[in-house]
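The lines below spell out each chain.
There are 2 protein chains.
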Amino acid sequence: MPEPIVLKFGGSSVADAQKIKHVAKRVIEFKKRKFNPVVVVSAPGGTTDELIKEAHAISKRPHKRELDMLLSTGEQKTIALLSLALWDMGHKVISFTGHQIGIITDENFTSARIKSIDRKKLKNYLRQNYIIVVAGFQGKTPAGEITTLGRGGSDLTAIALAATLNTECKIFTDVRGVFTANPKIYKNAKKIDIMSFDELLEMASLGASVMQARAVELARNQGVKFEVASTFSREKGTIVCEEGKLLEKLVVRGVTEDCDQVKVSVIGVPDRPGIAAEIFEAIAKKDISVDMIIQSAAKPPNAVNDISFTVKKKDIEDVKQILKKIVKKLKAKEFSIKENVAKVSIVGSGMKTHSGVASRMFRALAKSKINIEMISTSEIKISCVIDEKDVKKAVKAIAKEFKL
Amino acid sequence: MPEPIVLKFGGSSVADAQKIKHVAKRVIEFKKRKFNPVVVVSAPGGTTDELIKEAHAISKRPHKRELDMLLSTGEQKTIALLSLALWDMGHKVISFTGHQIGIITDENFTSARIKSIDRKKLKNYLRQNYIIVVAGFQGKTPAGEITTLGRGGSDLTAIALAATLNTECKIFTDVRGVFTANPKIYKNAKKIDIMSFDELLEMASLGASVMQARAVELARNQGVKFEVASTFSREKGTIVCEEGKLLEKLVVRGVTEDCDQVKVSVIGVPDRPGIAAEIFEAIAKKDISVDMIIQSAAKPPNAVNDISFTVKKKDIEDVKQILKKIVKKLKAKEFSIKENVAKVSIVGSGMKTHSGVASRMFRALAKSKINIEMISTSEIKISCVIDEKDVKKAVKAIAKEFKL
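Here the protein sequences line up with chains A and B, keeping their order.
Numbered per my numbering, the first sequence spans residues 1 to 404.
Numbered per my numbering, the second sequence spans residues 1 to 404.
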């Protein structure tokens, strides 16, 4: 049996009839190269947003089960159209919705998690030499309810299928791969040939929007090697694999920026156990995700702390409401909000074994007269919160410093 | 448990957010009147045509399984949006696609026939007091493939659900009911209050496009009483039921016209057994449906017949190809095509017991100087093929003659 391969095409790659025919041709290229393609597609570009708009025209807080019923139609449309194109070009093909191919999820409508995939059915159709086209972004609960996997969920479907079939995956998109910096900001940014899951994971969650972070995480946990490449060129993209497979561990693989940040500070918080938990539990209850958290050490004899953290811009009104209550309850002094901030980060798996990386970053920012408001680090990442107006300058300075 | 009732809303009734909200309100009215509504909806007006266009932009002969995969998204969209509206108005509701509610069909993609419906699941949700919203026009094969039921298939879904639940059905549409004549041609046409299945069946197949003929047939066979009424008014519509329940059997219930007709004549056909079969088998093989068939008696000593029949306009090119071969093979003299013809018909279940109806119709046409080209009759119907340009005149003359 030919080797199966999972090919994923995003919404901008299937936006109209011409593009769908082009995707069909790319799939056939793999077939001719003796692969057995399993194709995962998103909804045609803009469709999901359009459907969400229609839902909101009817209900301000759309019922989640029914929202998933609505949203899942987008990908179903694409699998049908792509299969029509492949039949028309003379190839044996069969399309499956998420529920038909047995992608079983939990019952968390609008952001469900995949629990299992029906491997037998996939194998059965591959054995009969069918090209298989699967609707991304969707699944069903064990009871047969249609669920969706959240934004970017088609990436997740592709990686999960590759894991199920124990094979590789190609993520085709409208960019040529992952870049060392945002090419819109830094013209000399270079395409990365190969990088580790962890590096992309940090970059994906830091705002480099090539791929859904949950999908990268799944690829790492399941050891699914994949390539991010352009639908519209035959050029090699960026290969993402286990760190052990990298010949060269770069100290800094890339720089990313994220302007969807607001800095929140709670000032004069009494220093006693459980205070931080109380603040962040209240925020988590509202489903708001907090990014960086920094607490200044309490200075005797007053024993009060300042706690700062960042949240996404959309959550700021909710956060204000929560903090008004919390500040009173905890007898903190006050809270402050700074809206025009951004986060710049450097990522690289070689960072763990190299010292002085952080100081080079801070020095580069200082030379450009950029003030750092918050710092946070992980094993392979350093992030700084800075003024939003300095973002472009910061990315350029860092890219030059580390020759990205 | 409150009485279940099946409510069906067509594409023009759910064409946008405002109309969907209006439909939700109508459904709630039934809920408040202590009914347990099972709602069947079509795709938003124009959607199915749009999807077919998209399919044809990709493949001139779309693969039927994949076409059904595509088309079924239209109704899925409507069930989700209507359910969002009903939740938003504070009602417990659940939507089901055809496959989810267990509408099992044969494997005849694009015009499948319903074999069974999962009554238990329906009853289960009705018992829990849910409003149930079902996608019309679709089902699944026993193997789980998505099928569609052909044009107007949502009517079929509604009647089948009413039969399964042993209850009545309301077909809401953009007209106020069934009329004695086409109101666009005959201004004084009246809405029919009550009529029999057979009468509507004749009228539906004769071109009065209020309802799918297959659905009326199913209603007759299953004894499902239904009402055709307007989505946008509270006025009573037309009730359709068993003939035995009609208080008054009108001789002529209505007049219909059908301009999608072409008259075909095969001239000088040798008079020997099996000739007619040979002609119509060749036509049936191409899936062309033939309407009226008339054969003139053979006149000795030549013993040749003329055979005339009508087909739909779209089929005329195929028919020409077939007849070219057949005429040669059968040693017939020639064939002729007349394109600008139309059929006017009168329908009424009282016709069987009244003589002289046909002659009154012919006399009315004659008085208006309209020439009759072909005549065909059934127990409750008389049809005449006439020149297309005379249609309006004919409908008016007949409507006046029978006081419709």
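Misleading hints may appear alongside valid ones.
Stated by the list, open to error - Each computed EDC-like pair below joins lysine to aspartate or glutamate, with the alpha-carbon atoms no more than 16 angstroms apart: (1) LYS338/A to GLU388/A; (2) LYS53/A to ASP16/B; (3) LYS121/A to GLU145/B; (4) LYS60/A to ASP88/B; (5) LYS338/B to GLU278/B; (6) LYS64/B to GLU388/A; (7) LYS225/B to GLU242/B; (8) LYS60/B to ASP88/A; (9) LYS21/A to GLU54/B; (10) LYS115/B to GLU145/B; (11) LYS313/A to ASP260/A; (12) LYS64/A to ASP16/B; (13) LYS19/B to GLU54/A; (14) LYS121/B to GLU145/A; (15) LYS338/A to GLU373/A; (16) LYS313/B to GLU388/B; (17) LYS19/A to GLU373/B; (18) LYS53/B to GLU388/A; (19) LYS285/A to GLU317/A; (20) LYS312/A to GLU388/A; (21) LYS338/B to GLU242/B; (22) LYS21/B to GLU54/A.
It should be emphasised that the hints constitute simulated quantities derived from the structure, not laboratory data.
The structure presented is a predicted model; accordingly, all values stated were derived computationally and were not measured.
#### Entry: Contradicted hints - numbers only
5, 6, 12, 17, 18, 21
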